[in-house]
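Residue numbers (the numbering used here), protein chains in the order written: chain A, 615 to 991; chain P, 648 to 953.
One thing to keep in mind: the hints can contain errors.
Simulated restraints, written as ranges between beta carbons of each label pair [unchecked claim]: (1) P:Phe-860 <-> A:Leu-731: 48 to 54 Å; (2) A:Gln-942 <-> P:Met-736: 55 to 61 Å; (3) P:Ile-881 <-> A:Glu-688: 23 to 29 Å; (4) P:Asp-888 <-> A:Arg-734: 36 to 42 Å; (5) P:Met-736 <-> A:Thr-630: 27 to 33 Å; (6) A:Arg-685 <-> P:Ala-933: 35 to 41 Å; (7) A:Glu-641 <-> P:Pro-724: 37 to 43 Å; (8) P:Val-946 <-> A:Glu-688: 37 to 43 Å.
Just so you know, the hints here were simulated from the structure itself, not pulled from any lab data. These figures come from a predicted structure and were not determined experimentally. We treat Cβ as the ideally placed atom computed from N, Cα and C, and that holds for glycine.
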Amino acid sequence: MSKISLQSIEKSFGETPVLKQVSLDIEEGEFVTLVGPSGCGKSTLLRILSGLEQADAGRVSIGGMNVTDVRPAERNLAMVFQSYALYPHLSVADNMMTPLRMRDLPMWGRLPMIGPLLARDTYRVMQGQVREVAETLKITPLLDRKPGQLSGGQRQRVALGRAMVRQPVAFLMDEPLSNLDAALRVHMRAELSELHRRLKTTFVYVTHDQAEALTMSDRMAVMMHGNILQVGPPDEIYANPNCLEVARFIGSPAINTFAAEIQSDGHLALIGTTLSLVQPLTRAPVTVGIRPEHLFLSPTGRFQGHVRYRENLGSDVFLHLDVEGAQQPVVLRANPAQAAQVTLRNRVCFDLEPDKVLLFQSTGERLPCALATREVA
Amino acid sequence: MQQSRAHLWFIGPALALMVVILLIPIAIAAGLSLTDYSLGNSGAEFVGLENYEKIFTRSTYEKMFGATFRYVFVVVPLTVGLGLGAAMMIHSLGRIGDIYKTIYFLPVMAALIAMAIVWEFAFHPTIGVVNATLERGCGTILENWAWYAKGCERTFPLWLNDRDYAIWTVSFIGIWQGFGFNMVLYLAGLTSIPPSLYDAAEMDGAQSGWDRFRLVTWPMLGPTTVFVITISFIRTFQVFDMVEAFYPQGGGPSKSVYVMMFAIYEKGIQQNLMGIGAAITVVFLAFVMILTLIQRWFVERRTHYV
């Protein structure tokens, strides 16, 4: 019912185009993440959806209603800001009550001092709602404090609470976790997912952190240079990126890329080794992408490299290898037992999982072609 | 155990300066206010609280308090209000705002004593531009206003030399001169309000400008307002140069513009009655002190959000 749809949104600041014909449909109750590097226009898109920014062209509709020219206050959306944007002079309870007060009370009920007396019943209902939400977010003991007396994580919860008190059509979140420390951020990721499951409301979440996008969203939209490059479930985007930029942006450590060539016989020449393709392609330069976890150490491996650096994460070890013919170090994921046998600057052999190799045209588009799992000599 | 005396060297110079240039003069003034000292006399009689008694009983000083408080309580609210209004309007403008900013700030930069001469001409009963303009309105619908009709019939008031108008005219010039300063302070305050708060207010349903003002602007300007009000009080209590320029001989028609600073100057310097001059100074300091304490109290209680 309250499906959100953005159609051919265009926006430029002065001469600089920020959004170029962006379209996105968001189903009711979905957790959609807009992810992309800074300056890609994701926050602008969210602000256009909220109404805080006007699009130059295009249409925004919520629940089938065209709201392109409707004020933010009347779109019934709630937003959580990166800076939290809590009113510093109001207590936590008053902060959370503000959206209710602004919507549910007539002018005279909002008067200071006498307002609460005149509209006593409404106030009681609103206080009940605030307490209920505070209960859910476990911030009841903070209700009488001012935002200045709270920690970053607590402020984050209050901002969330302020968005939750009136049941909005959707929650818009603009990098809400980026001001928190790493541990809290991971914790809040789980909590936000949990909250989404419980509320069953639409979440539109903007982040530059691909890990947040991968962990929380039902679907994610990867944005770059004012365009949405790919929309889909996190698994699909990770395993099946439709272009090189998406493949590079999603995943940490980043995907390994190699310049390679499809030879005239239809085979792929990759750093000194020839690999066969499922179906031969015409001769062209291509880019080969392969994720660190799809490379493995093997004594009989077809590739060789010198260990340059060991990045130990405890559960996994990422080996950075200098490989002749590759411009950048190749990153390979190894399990700690294997990695223990590897010493720095030594030569190791490794191989790849052929079915996981991604091929891209020189323009960056994905080639719908895979490597043959078995080499035909 | 040997204790280091380094701390004395750190605070010593500042402390010594403060005592010499601030505390001792105030103490001397307080001391003098209890005597009948005149400049040049070798000694002075101790007269106790006689000077203070005069201040609080004689009609001259009653007029002094009347003029000072009238001036202060007209000028302070209006300069603060106009300063805030002008700042908000300029803030909402783009580049044109800079021009207005300069124009409104001009009177603050100009020497008030020179501006006073200009105003004196403007308010002159026969050659002044103010009354000349008012006379043009005679015979029009404005005459339905009784005060205006009376002005046309006889003459319009002698703005600066009529006992009933003088203090208000001087207040008007004080406002004209002072609000640009408050405007600049408020502009600084407005720029420091995070824009995301207005976004949050909009999302929370604050639709009218008044809602946004009540929810964000006014509370966020709280610290600025406290400062602006305090500084305005102090500046208006100190008004002197304009009175001296308009009325070098004794504080205006029937002493209706006999403000405190002018009284100090007249008694202490012109008439060489140092004792009474010092006593007025001490009373003046007490007022400023009370205002400062009120400000401190407000800063601690109301506008200290963090």
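Right, here's what the structure says about each hint:
1. Range check, P:Phe-860 to A:Leu-731: about 23 Å between beta-carbon atoms, so the 48 to 54 Å window is missed.
2. Separated by about 57 Å at the C-beta atoms, A:Gln-942 and P:Met-736 satisfy the suggested range of 55 to 61 Å.
3. Take P:Ile-881 and A:Glu-688: their Cβ atoms lie about 47 Å apart, and the range 23 to 29 Å is violated.
4. Range check, P:Asp-888 to A:Arg-734: Cβ separation about 55 Å, and the 36 to 42 Å hint is violated.
5. For the pair P:Met-736 and A:Thr-630, the beta carbons lie near 30 Å from each other, so the given range of 27 to 33 Å is met.
6. Between A:Arg-685 and P:Ala-933 the beta carbons are some 53 Å apart, a value that contradicts the proposed interval 35 to 41 Å.
7. Checking the proposed 37 to 43 Å range against A:Glu-641 and P:Pro-724 shows it is violated: the Cβ atoms sit about 57 Å from each other.
8. Remark: the range hint 37 to 43 Å for P:Val-946 to A:Glu-688 is upheld by a beta-carbon distance near 38 Å.
The earlier numbered hints that this structure contradicts are 1, 3, 4, 6 and 7.
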